[in-house]
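Protein chains: 2
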Amino acid sequence: MRNALSLHSIRSVLARLEETIIFGLIERAQFKQNRIIYKPGGVGRELGGESLMGFLLHECERSHAKVRRYTSPDEHPFFPSLPDPILPPLHFVSPLKPNGINLNQRIRSEYEGKIVPLICQAGDDMQWGSSAVNDVNLLQAMSKRIHYGKFVAEAKYRASGRALRPLILAGDRHGLLAAVTDGAVEEQVLRRVEAKAAAFGREFDAGRGRYKIRPRVVRWVYARWIIPLNKEVQVQYLLARASGGGPAA
Amino acid sequence: MRNALSLHSIRSVLARLEETIIFGLIERAQFKQNRIIYKPGGVGRELGGESLMGFLLHECERSHAKVRRYTSPDEHPFFPSLPDPILPPLHFVSPLKPNGINLNQRIRSEYEGKIVPLICQAGDDMQWGSSAVNDVNLLQAMSKRIHYGKFVAEAKYRASGRALRPLILAGDRHGLLAAVTDGAVEEQVLRRVEAKAAAFGREFDAGRGRYKIRPRVVRWVYARWIIPLNKEVQVQYLLARASGGGPAA
Chain A
1201 MRNALSLHSI RSVLARLEET IIFGLIERAQ FKQNRIIYKP GGVGRELGGE SLMGFLLHEC
1261 ERSHAKVRRY TSPDEHPFFP SLPDPILPPL HFVSPLKPNG INLNQRIRSE YEGKIVPLIC
1321 QAGDDMQWGS SAVNDVNLLQ AMSKRIHYGK FVAEAKYRAS GRALRPLILA GDRHGLLAAV
1381 TDGAVEEQVL RRVEAKAAAF GREFDAGRGR YKIRPRVVRW VYARWIIPLN KEVQVQYLLA
1441 RASGGGPAA
Chain B
1201 MRNALSLHSI RSVLARLEET IIFGLIERAQ FKQNRIIYKP GGVGRELGGE SLMGFLLHEC
1261 ERSHAKVRRY TSPDEHPFFP SLPDPILPPL HFVSPLKPNG INLNQRIRSE YEGKIVPLIC
1321 QAGDDMQWGS SAVNDVNLLQ AMSKRIHYGK FVAEAKYRAS GRALRPLILA GDRHGLLAAV
1381 TDGAVEEQVL RRVEAKAAAF GREFDAGRGR YKIRPRVVRW VYARWIIPLN KEVQVQYLLA
1441 RASGGGPAA
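Each protein sequence line maps, in turn, to chains A and B.
Residues in the first sequence are numbered consecutively from 1201, following this note's numbering.
Residues in the second sequence are numbered consecutively from 1201, following this note's numbering.
It is possible that part of the hints are untrue.
A pair counts as met if it fits within one copy or between any two copies, since identical chains are not told apart.
DSSO-like cross-link-like pairs, simulated, lysine-lysine; straight-line CA separation at most 30 angstroms [stated by the list, open to error]:
| # | residue 1 | residue 2 |
| --- | --- | --- |
| 1 | Lys1232 | Lys1266 |
| 2 | Lys1232 | Lys1344 |
| 3 | Lys1356 | Lys1266 |
| 4 | Lys1356 | Lys1239 |
| 5 | Lys1356 | Lys1344 |
| 6 | Lys1412 | Lys1431 |
| 7 | Lys1266 | Lys1239 |
| 8 | Lys1431 | Lys1314 |
| 9 | Lys1314 | Lys1232 |
| 10 | Lys1431 | Lys1344 |
None of these hints come from the bench; they were simulated from the model.
Whole structure, please, built from the sequences with the hints as guidance.
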């Protein structure tokens, strides 16, 4: 976590996650929507009332929790009940104020209900397991990218001197949202995302302009969900910062 | 599994796995080698003598076994002891002769000992969990690609009429290896892999010719491991075919 708040470090993490997310969208788009994998009890009552995707996500988090994944301040679980780590704790100083912000319920719901129908063809191709495994990887990458807003917000807070404090103390969500918004930077991110999606998603052995997923769609996933939810995390973090009992900046 | 032996179906599966594998190599290459994650007991005795990567791979297979991943003829586990599926079995007719061919021990050993040192920078960046999670995904994709040789071999056997039978009956491994080898097709695959790696692995925001992993290295992973091991599966499958007690072709 050393230098975790340097702009260089944050930018390089975000840029790498961008590629993981784009790869993940392309991978998921090869399969049909397979709605049944999101339906509680859909593939069998044996999964304890969970959907297939929910079951695999929970199982994955259980095993990762054992090796202390969620003790890291940049990781956020989708499920509240997870086993304790079996490995001894790592000792590091988090640069963040202690907080309980976790948007994963919303991320999962938007993903299942809106993003999957956007990126995948309708229908069922029986590739349930492969689709669900891709979903788990993609949801975890999106969650990490979105919750990285905490690091971004902490860095902005420290860099802003006292500029953000009146907005935080007044609980001014709209003012904070405006303060953390930089339209020019967002447009730059969206253009880069679209360019990467065009490079990674191109169909080889096919004519020009054929894509496994249209670059505009990937751009839209960023414009509609990833960037706004990341800013929501920033605003919530800044508001919580005032009441937090953590170490002073 | 319908049409699983059509050349079109096999080619499209292999081409898609190619992209999963290349994405996986690029993802893993962002982290250092982190040798400690492959060392039994390396990150803590709490993992029951397994390495961190081995522990996560085993945990992943355990949960996927529960949802019947390994009942599918194109999936092969790395660990022999896995729980029974909790979902009821799917009924499908496998186009393959029953066989117990599984090269995963070798794939894992080559991967940990040779491929990781080839694709990742030496050293330790403390990204143990992320590296190991990438390893698990990549090993599973490589295993699927390599064991798809069974489908390729069955298709070749059926297409060859009686041409392969004398070699099989004589147990002629060298003859079979020559018979399943097509140098022109291999060169075509290697060129496509290198071209895809160049498109996917290019560093954005950097000068021309900067890659997250050199395309020649990705080509070499295919030339040195994936293609030869796939052919090894084909030869073993054809040899086992003679003695197999499965349904007649």
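**OP:** Please work out whether the CA atoms of Lys1232 and Lys1344 approach to 30 angstroms or closer within one copy, between two copies, in both situations, or in neither?
**Re:** Both: 25 angstroms inside a chain and 20 angstroms across chains, each within 30 angstroms.
Original post:
For Lys1232 vs Lys1266, is the C-alpha pair at or below 30 angstroms within one copy, between two copies, both, or neither?
Top reply: For Lys1232 and Lys1266, the Cα distance is within 30 angstroms only across copies (23 angstroms; inside one copy 33 angstroms).
Original post:
Is it within, between, both, or neither for Lys1412 and Lys1431, if the alpha carbons may be no more than 30 angstroms apart?
Top reply: Close inside one copy (29 angstroms) and across copies (29 angstroms); limit 30 angstroms.
**OP:** Please work out whether the CA atoms of Lys1431 and Lys1344 approach to 30 angstroms or closer within one copy, between two copies, in both situations, or in neither?
**Re:** within (13 angstroms within a copy, 39 angstroms between copies)
Subject >> Alpha-carbon proximity context of Lys1431 and Lys1314, limit 30 angstroms >> reply: within (19 angstroms within a copy, 42 angstroms between copies)
Original post:
From the Cα coordinates, with 30 angstroms as the cut-off, is the pair Lys1356 and Lys1266 best called within, between, both, or neither?
Top reply: For Lys1356 and Lys1266, neither the intra-copy (33 angstroms) nor the inter-copy (45 angstroms) Cα distance is at most 30 angstroms.
Original post:
Is it within, between, both or neither when you check Lys1266 against Lys1239 at 30 angstroms Cα-Cα?
Top reply: Close inside one copy (27 angstroms) and across copies (18 angstroms); limit 30 angstroms.
Original post:
Is it within a copy, between copies, both, or neither that the alpha carbon of Lys1314 lies no farther than 30 angstroms from that of Lys1232?
Top reply: within (14 angstroms within a copy, 36 angstroms between copies)
Subject >> Up to 30 angstroms CA-CA - Lys1239 versus Lys1356, copy category >> reply: Result: close neither inside a copy nor across copies, 40 angstroms intra and 40 angstroms inter.
Original post:
Are the CA atoms of Lys1356 and Lys1344 at most 30 angstroms apart within a copy, between copies, both, or neither?
Top reply: within (19 angstroms within a copy, 45 angstroms between copies)
The structure fails hints 3 and 4 (numbered hints given earlier, in ascending order).
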